[in-house]
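Chemist: The lines below spell out each chain.
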Amino acid sequence: MAETEPVDVLKAENEKPRQFGTGYKLIGKDYPTNDLVAKVTGRAKYAEDFRAEGMLFCRLVLSPMPHARVKSIRAEKALAMPGVKAILTPAEVPGHADYINDNGTRIKADKWSELALADEPMYQGEPILAVAAVDELTCAEAIEKIEIEMEPLPFATDPLESLRPGSSNAREEGNVWVRPDSSRGPEKLAVLKWTEEDFAAEKEGRMPMGHAPDEWSYGDVDGGFKNAALVLDETFLTPDVSHQCLEPRTTMAYWQNGKLFLYTGTQSTFQTVAAIARWMHMDEDKIVFISEYTGGGFGSKITGALTLVIPALLSKKLNAPVMMRVSREEEHFIGRARPGIRARTKIGFAKDGRITAVDMFLVSDAGSYGSGGDGGSCGSIASLLYQPPAMRWRNVTMATNTPPRSAQSAPGGMQAIAIMEPILAKAARQLGVDQVALRRANCPEGKAEYGPPNREGRRAYVTSCFLKQALDLGAEQFKWRERVAQQPKRVGSKVRGLGVALSCFHGGSTGFDGLIVITPQGRVQIQSGIGNLGTEALIDVHRAAAEVLDVPWDACDIVWGDTSKHFPYTCASGGSQTVHAMTRAAHAVGLECVQRLKEVAAKTLGGQPDGYEVANLRVFRKGGGPGLSFAEAARQAIKLGGIYDGHDVNPDVNKATKQSVAALAGQGLVASAKDKYPHDGDSYSYLACFAEVETDVETGVYRIVDYLGYADVGTVLHPAALGGQILGRSTLGIGHAIGQKWVIDPQYGVTVAERFYQNKPPTILDVPVNMKWNALNIPDPETPVGARGCGEPPVGGGCASILNALSDALGDNIFQRAPVNADTILTSLEAGRPMQDPLIAHI
Amino acid sequence: MPEMEEPKTSESQAQQITRRRFILGVIAGGAVVSAASYKILAPGGRGRTWGGERLITLNVNGKPRRVEAMKQETLAWTLRYKLGLTGTKLGCDRAECGSCTVLIDDVPYYSCSVLTNTVRGRKVVTIEGLAADDGKLHPVQQAVVDEQGFQCAFCMPGFVMSAVGYLKKNPNPTREEMAQGLSGNLCRCQDYTKILDAMMRGAETMRRA
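In the order they appear, the protein sequences are chains S and Y. Residue numbering for the first sequence follows the working numbering, starting at 1 and increasing by one per position. Residue numbering for the second sequence follows the working numbering, starting at 1001 and increasing by one per position.
For the record, the hints were derived by calculation from the structure and aren't laboratory data. Note that beta-carbon positions come from the ideal geometry of N, C-alpha and C, so glycine has one too. There may be inaccurate statements among the hints.
Below, simulated BS3-like cross-link-like pairs (lysine-lysine); rule was C-alpha separation at most 25 Å, straight line [stated by the list, open to error]:
(1) S:45 - Y:1136
(2) Y:1063 - S:45
(3) Y:1136 - Y:1063
(4) S:565 - S:259
(5) S:426 - S:226
(6) Y:1082 - S:45
(7) Y:1082 - Y:1123
(8) Y:1123 - Y:1063
(9) Y:1082 - S:85
(10) S:145 - S:85
(11) Y:1063 - Y:1168
(12) S:603 - S:639
Not the full set, but computed from the structure, chain Y residues with beta-carbon under 7 Å of chain S [to be verified]:
(13) 1087
(14) 1096
(15) 1155
(16) 1189
(17) 1192
Take these sequences, add in the hints, and give me the full structure.
Modeler: Pasting the structure below:
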């Protein structure tokens, strides 16, 4: 427990890995999760699987232009068609408004933000109109009859081009996002153009660097370069990659008794209600949100998707249920993507490979809405993962007329690692230092600091980091040394290459609530407001409550997926926070349950609560004696009322939890609690990633022979689920290395790669048939169960270990951008230099 | 797109794009924005009569199912929207992702790309038809449960049907062969190693049975 061990004396190197499940009955053990049979029999219902009596369908009309103004819409002919029920125009969508967040803070309306339908579409594919009818073919026929007059407006799809003198801007108001007072306050759009002199570096194939609105630094950067044995100055471009959730953001909605019932996929059942309320301008208590299963999110469905208001509004207008199915093409446009970042990075190295200074300059593409270009996170992750003693970070976040970006698994972290790692690999070769040794020399450890100093001059730091152990044990398991020594590297036209990469990302938040009902049937009913993305965090985190209560898992029922069932204040499953945040909340409510059970027993059977203990679904006197079964205790709790059955509520919990407790009052022993455990540093998770590739220099084709991700994620909660996360998100990263990207026609600003076959995520044949993972299982000292999240941390390492293996096989003159495909390799090998331009976007 | 007037472009525009040039660009780029990607028709005459709807009998999961189908109707749509078998998923509707895979006479097919009227007289098996009547899971399903296979599981029915179909052809595959057998299915959670673990375990159970 955190409070028993002073965190500042943590000696990272003394911590030893331990077997999964050590010291626990449930935690660290594999078990079949409660949702598996429904999934494997086809009974699990995703949004499109729900039906409602008299359900209508709606379809979207998307902008054919990257930037335009809708001047008029004439729909009379369409509306006169049999079966056509209504259209929905941008004017009918609620506009931007202030809102109150979880903590009661008022967030001012952002006039730049996106609405579900646009009268000034900012990208090709942006929804501008919706049509509802009895079926989709009727919708489609109606759409053909609608006359829309549009005025094309200037547009920009390439962020660097939009910085050139005389170039066009994404919006009338500007092309670059600036923060008025460097870090706080809402971002504003401004016009930024660099000079022709700024662009001079372009001729040498290096990224030009002009004015950058965002900047921070720490340490003696110039001194670091002066004292370096080697300084590398590299240009690199990371790809824009769509989330491509297999389930599109389909939504069904209907209204009953003034309440909106809405069905769609989400990364947070609990938090999506507030988002719907905000987007619809309605009260949260008038919304019932159902999301039992979600077919992938990866950051694109953190609170569902904005377009969910379209069927909700049409349904209200028509007083009938409306299903909006989203096609694969539509999903490409509205389904979000990772911002591509072009970077110029200068790194100084000492002889032993230790980094002396980093100077990182980024131009990121935030797309058509919002200022989230990932540049900030890119800088802080680079400073954490490689621990440069001095670093300068500069960043330009550009607006472009391309589909909207959002967080995608390890936003900024993935780009940082893909930008930094190839430079580290090159440095190791030039310095004659082993790749693993060079990473070890720069590896964070313990309560590592990162980022720039704050106003008080202090740098942020993490809770704990044992990445060196993961790197050492990973190298051993991967047989790194043996593989490096293996000769020859080339056999015929095939060349082997080895890559190692460090990786990390956020791994947890704090301050959420848990809620449990012990029913008169003696069941432990756990209310879970987590979204069901299939990572099984939805269910796994509650093992912490069951462990504390010392109950068998089959006595627990998890209630999820429908907000009319009443959930506690719950984090969104983004930023890999769930396992950390919600095991804390589960642990807290487990202890609360134990305490209330003891009190109920003492009130019923006499004595003091401390004289009782809880185990095996009973509360009984210590050392034997009379007791109550959970069923009896629940019935007693109902008799006692007050705090015991939910008629009174734990004052610590969030307002939303209080409402849920009130709704569940009288149904048994109702316990709620807030996570108030101490927490000093910021929670991050880490991996060491290893890969071997085999390239054919005659064809340029390569295959990944082997892969290992070795994780430092604190206590392992559920091994099988963790393995899925490590290898699944590694493969998401690998997609960025081996083939995924956008292609946009710069002349007309239209997308030419919008389907799976044009922008294919890795298939089962693109990765080794037996990828491997492992984890240290060293508990995080600042959280009760010791567990942190692992959704995002592997992504950068997955990508960069492949890039590093490729440069190991083929040398440093092959690529300056990802992905690296067969063409890249063949043409660059022939020319002896990277043949794909590192600066042009979306090619 | 509906007809539009020649747009008035502002003076400040860096690149003047006329409507004609724009449309040429759209054609060159291969981008077509329209509503015609998914089309669902209203069942039972709520909407217009599109013609060609015929009452046919299909054999689905071992039972005769009578259904009115149009000649252009896909099997995925008939299963999902007329027979209520929503376990078959639509991830792309264009034979790219495999989420809609079903068995037709024991061979895996993308049901989004099979016309319903072509499967008359053939045996269609969907994910709902794999378990025994008493609820006992098919060995491949049971193996998925045992191995905690898949994450979001939107692709799971398609993968399971592909595996069951492939194992009928090759009951004793290597891991590499199984991967080939499943290569028509995409998993965006990319949980491929665990998927292969599950399918190989299912294959082994079937061999031992």
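Chemist: Now look at each hint and say whether the structure bears it out.
Modeler: Quick rundown of the hints versus the structure:
For a cut-off of 25 Å, the pair hint linking residue 45 of chain S to residue 1136 of chain Y stands: about 20 Å separates their Cα positions. Of the supplied pair hints, the one linking residue 1063 of chain Y and residue 45 of chain S holds, its CA atoms being roughly 23 Å apart against a limit of 25 Å. Under the criterion of a C-alpha separation no larger than 25 Å, the hint pairing residue 1136 of chain Y with residue 1063 of chain Y is consistent with the structure, at around 18 Å. About 15 Å separates the Cα atoms of residue 565 of chain S and residue 259 of chain S, which keeps this hinted pair within 25 Å; it holds.
Annotation: proposed proximity of residue 426 of chain S to residue 226 of chain S holds, straight-line Cα distance about 19 Å (limit 25 Å). A distance of roughly 16 Å separates the Cα atoms of residue 1082 of chain Y and residue 45 of chain S; the hinted pair therefore holds under the 25 Å criterion. For the hint pairing residue 1082 of chain Y with residue 1123 of chain Y, the CA-to-CA distance comes to about 17 Å; that is within 25 Å, so the pair holds. Between residue 1123 of chain Y and residue 1063 of chain Y, the direct Cα distance comes to roughly 9 Å. Compliance with the 25 Å bound is thereby established for this hinted pair.
Proximity of residue 1082 of chain Y to residue 85 of chain S is assessed by CA-CA distance (about 22 Å); at most 25 Å being required, the pair is judged to hold. A distance of roughly 14 Å separates the Cα atoms of residue 145 of chain S and residue 85 of chain S; the hinted pair therefore holds under the 25 Å criterion. For a cut-off of 25 Å, the pair hint linking residue 1063 of chain Y to residue 1168 of chain Y stands: about 21 Å separates their Cα positions. Restraint check for residue 603 of chain S and residue 639 of chain S: satisfied, since their Cα atoms lie roughly 11 Å apart, inside the 25 Å limit.
Hint on residue 1087 of chain Y holds. Least Cβ distance to chain S is approximately 2 Å, under the 7 Å limit. Using the Cβ-Cβ criterion of 7 Å, the hint placing residue 1096 of chain Y at the interface with chain S is satisfied: the shortest such distance is roughly 4 Å. Given hint, residue 1155 of chain Y at the interface with chain S, holds; its Cβ is 5 Å from that chain's nearest Cβ, closer than 7 Å. Given hint, residue 1189 of chain Y at the interface with chain S, holds; its Cβ is 5 Å from that chain's nearest Cβ, closer than 7 Å.
Hint status for residue 1192 of chain Y: holds, given a least beta-carbon distance of 5 Å to chain S, under 7 Å.
Hint check: no violations occur; every hint is consistent with the structure.
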